[in-house]
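2 protein chains.
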Amino acid sequence: MMNIAVAQSGGPTCAINSSLVGVFKEAIKEPEIDAVFGSVNGIEGIIHNHLVDLKTLIFTNDDMELLRQTPSTVLGSCRYKLPDYNEDDSVYKKILETLKQRQIGAFFYIGGNDSMDTVNKLSEYFRREAADIKVIGIPKTIDNDLCITDHTPGFGSAAKYVAATMQEIVRDSSVYSMPSVTIVEVMGRHAGWLTASSAVLHDLGETAPHLIYVPERSFYVDAFMKDVRQEMAKHKAVIVAVSEGIEVPDVSAPAACAEKNSGGEECEGAAVSYRSGVVDNFGHKYLSGIGKYLEEAVRKEIGCKVRSIELNVMQRCSSHICSRTDIDEAEAVGAAGVRCALSGETGKVMVFRRVNDMPYTIVIETANAANIANNEKFLPDEFITPTGNNICDSALKYFLPLIQGELNIIMDRGIPKHFTIQESVLK
Amino acid sequence: MMNIAVAQSGGPTCAINSSLVGVFKEAIKEPEIDAVFGSVNGIEGIIHNHLVDLKTLIFTNDDMELLRQTPSTVLGSCRYKLPDYNEDDSVYKKILETLKQRQIGAFFYIGGNDSMDTVNKLSEYFRREAADIKVIGIPKTIDNDLCITDHTPGFGSAAKYVAATMQEIVRDSSVYSMPSVTIVEVMGRHAGWLTASSAVLHDLGETAPHLIYVPERSFYVDAFMKDVRQEMAKHKAVIVAVSEGIEVPDVSAPAACAEKNSGGEECEGAAVSYRSGVVDNFGHKYLSGIGKYLEEAVRKEIGCKVRSIELNVMQRCSSHICSRTDIDEAEAVGAAGVRCALSGETGKVMVFRRVNDMPYTIVIETANAANIANNEKFLPDEFITPTGNNICDSALKYFLPLIQGELNIIMDRGIPKHFTIQESVLK
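First to last, the sequence lines map onto chains A and B.
Be aware that the first sequence starts at 1, since it is given in this note's numbering, and climbs by one per residue.
Be aware that the second sequence starts at 1001, since it is given in this note's numbering, and climbs by one per residue.
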């Protein structure tokens, strides 16, 4: 008999709690496993021996269904990066102490890049210390930028929100007879997956988004203005999707960024940030993101009706329109993690391999955490049009299966019911 | 036999198309009514004789259900205010010419304040000209600021979106162990109905929103900071809902706005706008709204993690989470408008009278357009807490019935299917 522990880390998504349900549900079926501890605020909960017994919080299948539908991380989160244990293993000792004291034989970490680094380091350290504790990574991120895996849990729900909302914005922006430009800013600091996913509207016969800009391509304001003018000649209401992560090169340092490609290398020093507190080319202090920046630029240069919309945290927490495919896969990958640990593996991350687009078929496999940690996956070149300002139709077969299906959302007094744990329990 | 015309005006909502369905469905049942014309871009379509025959565009019950679920205005919209016909009746003559030429005996205008002004003026003008054309107003606005009616179609769906999204933002903002402030900016330039509706979360046991600011009360940055600090002492993640329409008084002109009350009178000249292009007290050019302004203020004064979120057009066009009560009522009020015209009335607006909160019961009545046009209805004093920074629990019974129920949303390839009319038809 052994206990296990599970923790959630990084930025919220709609699917992290579903992976927690996957781990919990599989664990309570296993006669080998006794207690299932939830670590409060990611790995910090293990460090500070702050664990909750999930069997005292989750009782019924209804509880589990509710938790699957609840966005964000019910156990809290953290952004904690472990040091190199060869340089400083003090925190590792604390972690090992907690895990041993609680008789924990396997630890499941649901998270993104940094969390997979934790999985890798912990599993190596436990090996060195001859501690028989398995460490398994369960991927999640709306950015979809983890290597090896076909996609990441959390991405499908975010993409479904972005596509559905973009379509509603198309309706909203098309009502007046005057020409207009609407700029929708989508999350993704380095990789353009989520912004690119808005192109699924093309499959439904929408001409919008008319322009899509991702961080994998260099961005120039002059070229952008030309693109917008060209689209305005064709469409009354032009819709632009733009990744928060695109950088506007300093016009006084021309072509310094021209080499930036889908490998995604940064071109430091050559870009003027439009972010908080930095003075831009217009002499303004920009307190907002690229959307607001481009809105001002269009207003100044073209002078038409223009609006920018930041999808903000809604794109990562709108569980009321989550993708059933995503939520089901997030649960499945959590359950698979438990089976992986029981089979004796450690230092592994559960990944998806796509067998077929249509009918959509995936299998769950494992990868070494070392190969996933601290790496990023970018949009393939063939997804982006040669002009660099839109997404190819051939890429849509990648995105479409991930946004399919809806959950039967449980409502309470007109809004979705959420599963929550009392603040006092988590303190 | 006669024909009728219907038009949509003002800002988009989730319910305007449902009112169009209500008019259309009732009209095709009436043997007295032949063609049902849709006017493109509100009253402008009548002025320019730009009408479409809706029976050539809407065929089946499925079409109608799809249209009920489609946000914004399928016939386009306008912001056109008729002049006084005593001063200039040239445009009235054009309107009358179109209506006579098309043998239109009744015109239905779905819109807000300004549209009800159009209903009033047109009905008076037709009376003066002894033209037997009925003019009926069908209310809509997410602002809920029309007089006489208990509430307006469009408001319930917007309120449901705001409440559901606010709850998701609560989950999203609560994950880290550090203290934080999240400021959510909600639409409403003069009246705080939509912002106030976020208080329904309190009925579900949420402590958030911890602070709610509406334009019916004066707003002072100093008092706001004090409020935020007080709430931070009680809650790790403080959530603030704020109407876009609150004004930050110039600190160098103290108390000039102190008299502003729920009557909603403006205090011109005393407020420093934080809007586009205006330099604020921090010496910045503010390009965004009050949310971003307060975010910066909190960052500067308190120095904690702070984020602002603008719900932007999503709060008026997110049909995927519309209120069934709202959509059904919007259809019913459209149908009632047709019956009202056939009974010989004109210059009327269809309104709701609430008979009971629980079980929720309303009746549809008529009011004179003259009494609704150009007026605004503000939050009653008793809805706002004495401290002016939250909403009373006793007000929740007003809001809750309006957000109840969901439609069975028709999906297509993972996102809601919309009813659209080809751009070429509307040109």
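No wet-lab data here; the hints were simulated from the structure.
Each residue gets a CB set at the ideal place from its N, CA and C atoms; glycine is no exception.
Just to be clear, a hint being listed does not mean it is correct.
List time: in silico DSBU-like cross-link candidates among lysine-lysine, alpha-carbon distance up to 35 angstroms [unchecked claim]:
id, chain 1, residue 1, chain 2, residue 2
1, B, 1300, B, 1025
2, B, 1377, A, 305
3, A, 305, B, 1397
4, B, 1234, B, 1300
Distance ranges between label pairs, derived from CB positions [said to hold, decoys possible]:
id, chain 1, residue 1, chain 2, residue 2, range
5, B, 1424, A, 387, 53 to 59 angstroms
6, A, 59, B, 1386, 39 to 45 angstroms
7, B, 1236, A, 236, 22 to 28 angstroms
8, A, 94, B, 1204, 49 to 55 angstroms
9, A, 236, B, 1053, 18 to 24 angstroms
10, A, 387, B, 1178, 42 to 48 angstroms
Each hint, compared with the structure:
Of the supplied pair hints, the one linking residue 1300 of chain B and residue 1025 of chain B is violated, its CA atoms being roughly 56 angstroms apart against a limit of 35 angstroms. Simply put, residue 1377 of chain B and residue 305 of chain A have alpha-carbon atoms about 29 angstroms apart, close enough for the 35 angstroms limit, and the pair holds. For the given pair, residue 305 of chain A sits about 39 angstroms from residue 1397 of chain B by alpha-carbon distance, which is inconsistent with the 35 angstroms threshold. Annotation: proposed proximity of residue 1234 of chain B to residue 1300 of chain B holds, straight-line Cα distance about 21 angstroms (limit 35 angstroms).
Checking the proposed 53 to 59 angstroms range against residue 1424 of chain B and residue 387 of chain A shows it is violated: the Cβ atoms sit about 26 angstroms from each other. In this structure the supplied range 39 to 45 angstroms holds for residue 59 of chain A paired with residue 1386 of chain B, their Cβ-Cβ distance being about 41 angstroms. A hinted range of 22 to 28 angstroms is violated for the C-beta pair residue 1236 of chain B and residue 236 of chain A, which are about 47 angstroms apart. Look at residue 94 of chain A against residue 1204 of chain B: about 38 angstroms separates their beta carbons, and that is not inside 49 to 55 angstroms.
A C-beta distance of roughly 22 angstroms is found between residue 236 of chain A and residue 1053 of chain B, which places it inside the suggested range of 18 to 24 angstroms. Checked against the hint of 42 to 48 angstroms, the C-beta distance between residue 387 of chain A and residue 1178 of chain B comes to roughly 43 angstroms, which is consistent with it.
This entry does not satisfy hints 1, 3, 5, 7 and 8, going by the numbered hints stated previously.
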